[in-house]
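Undergrad: Letter by letter, the chains look like this.
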Amino acid sequence: MFLLTKISDLVQIKPEDFNKQSCIAIEDNINAKYANKVVQKIGLCICLWDILWTSEGLIGHGTGLVNVNVEFRMVVFRPFKDEVMIARIVSQTQEGINLATDFFHDIFVPYTELPDNTEFEPAEGLWVWKEDDQVMYYDNNEMVRVQVIAEEWHDQTPNGPPKDASEEPISRVRPPYQITGSMKGPGLGCYLWWEE
Amino acid sequence: MKIVESQAALLSNYEVYQHLVDQQKRNKAQGRRVPGNLATLMTEVITYLREKPGPLEKQEETHAYTPEAFPRLLEKLREANLSSELAKGEVLSIMNLRPSSSALLSTAIEDMEERFSDEEQQKIVDIIAEVLGRNEPAADMEDDADAVPSVENGA
Numbered sequence: 001m002f003l004l005t006k007i008s009d010l011v012q013i014k015p016e017d018f019n020k021q022s023c024i025a026i027e028d029n030i031n032a033k034y035a036n037k038v039v040q041k042i043g044l045c046i047c048l049w050d051i052l053w054t055s056e057g058l059i060g061h062g063t064g065l066v067n068v069n070v071e072f073r074m075v076v077f078r079p080f081k082d083e084v085m086i087a088r089i090v091s092q093t094q095e096g097i098n099l100a101t102d103f104f105h106d107i108f109v110p111y112t113e114l115p116d117n118t119e120f121e122p123a124e125g126l127w128v129w130k131e132d133d134q135v136m137y138y139d140n141n142e143m144v145r146v147q148v149i150a151e152e153w154h155d156q157t158p159n160g161p162p163k164d165a166s167e168e169p170i171s172r173v174r175p176p177y178q179i180t181g182s183m184k185g186p187g188l189g190c191y192l193w194w195e196e
Numbered sequence: 197m198k199i200v201e202s203q204a205a206l207l208s209n210y211e212v213y214q215h216l217v218d219q220q221k222r223n224k225a226q227g228r229r230v231p232g233n234l235a236t237l238m239t240e241v242i243t244y245l246r247e248k249p250g251p252l253e254k255q256e257e258t259h260a261y262t263p264e265a266f267p268r269l270l271e272k273l274r275e276a277n278l279s280s281e282l283a284k285g286e287v288l289s290i291m292n293l294r295p296s297s298s299a300l301l302s303t304a305i306e307d308m309e310e311r312f313s314d315e316e317q318q319k320i321v322d323i324i325a326e327v328l329g330r331n332e333p334a335a336d337m338e339d340d341a342d343a344v345p346s347v348e349n350g351a
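Chain order of the listed sequences is A and B.
So the first sequence is residues 1 to 196, counted in our numbering.
So the second sequence is residues 197 to 351, counted in our numbering.
So here's chain A without its partners, still in its complex pose (with noise of 0.2 angstroms):
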């Protein structure tokens, strides 16, 4: 679930932190700009794991700003292809489930990801696991184990100023990182099921 990325980039330490270390001002400043933000085809940024390396603070001309160069490793959430997480049912539409981890909003299991004689109560809203005569519900917050199958990645890039003033802005956002996943197979689905 977890991975280090190697990350270079430039830090720049404000006046009003000279109080404090440089390791420390170092670290509050990357964790700052990294944690819990998205980097594209990366992963979610959870928090600095180890500084590898600093340059020199150099003071630049015109601004108070200390420039340091690091490398550090970052701590980010990115599961591999068919690994398998816990996760919470979230809500569920007719195309399939959304779960969610605490951190992480964006996964979701399509109607085809589910196991066969799957069906959908639209009096409930809920999918229910019929299988032999045993009725199973996979009800909102319960726990979930989920195969990972694939990502998605949409750039957040902002869209420009419409070209024709009676255009209607694009207005679906699309999460910067979707997973989806699938809970047709042995172990997988809500937990519970599978408690001895």
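None of these hints come from the bench; they were simulated from the model.
Treat the hints loosely; a few may be bogus.
[What the hints assert, rightly or not] Beyond 10 angstroms from chain B on every Cβ pair, some chain A residues (computed): (1) D139; (2) K163; (3) W194.
[What the hints assert, rightly or not] In silico lysine-lysine, DSS-like type, Cα no more than 27 angstroms apart, as pairs: (4) A:K81 x A:K20; (5) A:K41 x B:K198; (6) B:K224 x A:K184; (7) A:K37 x B:K319; (8) A:K6 x B:K254; (9) A:K81 x B:K221; (10) A:K33 x B:K284; (11) A:K20 x B:K198; (12) B:K284 x A:K184; (13) A:K33 x B:K224; (14) B:K221 x A:K20; (15) B:K319 x A:K14.
[As the list claims (entries may be wrong)] Pairwise CB distance ranges (calculated): (16) B:E257 x A:Q12: 42 to 52 angstroms; (17) B:T236 x A:E151: 18 to 28 angstroms; (18) A:E151 x B:K221: 50 to 60 angstroms.
C-beta: ideal position from N, C-alpha, C; glycine also.
Starting from the known structure of chain A, arrange chain B on it as the hints suggest.
TA: Structure of chain B alone, referenced to chain A:
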């Protein structure tokens, strides 16, 4: 920003958990205020990792996971003389999920039915329970409960 190496190492959930818990303790001891985005995220990730049915749910009481547990798990799996070798990602999944039955083991191991016999599957499950513990309060707890785990390098 320049990405030097996009995947320098894989981390187990335990290593991430321990790193975050250690950082929270350190920040508290030194009275440090961390950036708001980090503080929120750290709490969320720790909450997630402590959630049922994750194996770290009772880590603070049982200390079932230690830095020494991983090499021991690998050694035991090697000694078991399995008919097929486990890939790195599979061992990592075993550590993260701690499967307690063959059905759950199949979530960590690819094509398990073809690669391992039923006895071997049971053997792997037993090794996992022995080294990493199980969900119920196990009576045969390892004697490393007093070891204070500290995180070294990435796996």
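Undergrad: So, for every hint listed, does it hold in this structure?
TA: Right, here's what the structure says about each hint:
1. D139: 15 angstroms, holds
2. K163: Correct as stated: the minimum Cβ-Cβ distance to chain B is 32 angstroms, above 10 angstroms.
3. W194: Contrary to the label, A:W194 does not stay out of reach of chain B, its closest Cβ about 6 angstroms off (not over 10 angstroms).
4. A:K81 x A:K20: 41 angstroms, violated
5. A:K41 x B:K198: 13 angstroms, holds
6. B:K224 x A:K184: 44 angstroms, violated
7. A:K37 x B:K319: Roughly 42 angstroms separates the two Cα atoms, so the pair is violated.
8. A:K6 x B:K254: With Cα atoms ~32 angstroms apart, A:K6 and B:K254 exceed 27 angstroms; violated.
9. A:K81 x B:K221: 34 angstroms, violated
10. A:K33 x B:K284: 32 angstroms, violated
11. A:K20 x B:K198: 26 angstroms, holds
12. B:K284 x A:K184: 24 angstroms, holds
13. A:K33 x B:K224: 22 angstroms, holds
14. B:K221 x A:K20: Holds: B:K221 and A:K20 sit about 19 angstroms apart, inside 27 angstroms.
15. B:K319 x A:K14: 58 angstroms, violated
16. B:E257 x A:Q12: 42 to 52 angstroms: 44 angstroms, holds
17. B:T236 x A:E151: 18 to 28 angstroms: Since the Cβ atoms of B:T236 and A:E151 sit about 24 angstroms apart, the hinted range of 18 to 28 angstroms holds.
18. A:E151 x B:K221: 50 to 60 angstroms: Violated - the Cβ-Cβ distance for A:E151 and B:K221, about 33 angstroms, lies outside 50 to 60 angstroms.
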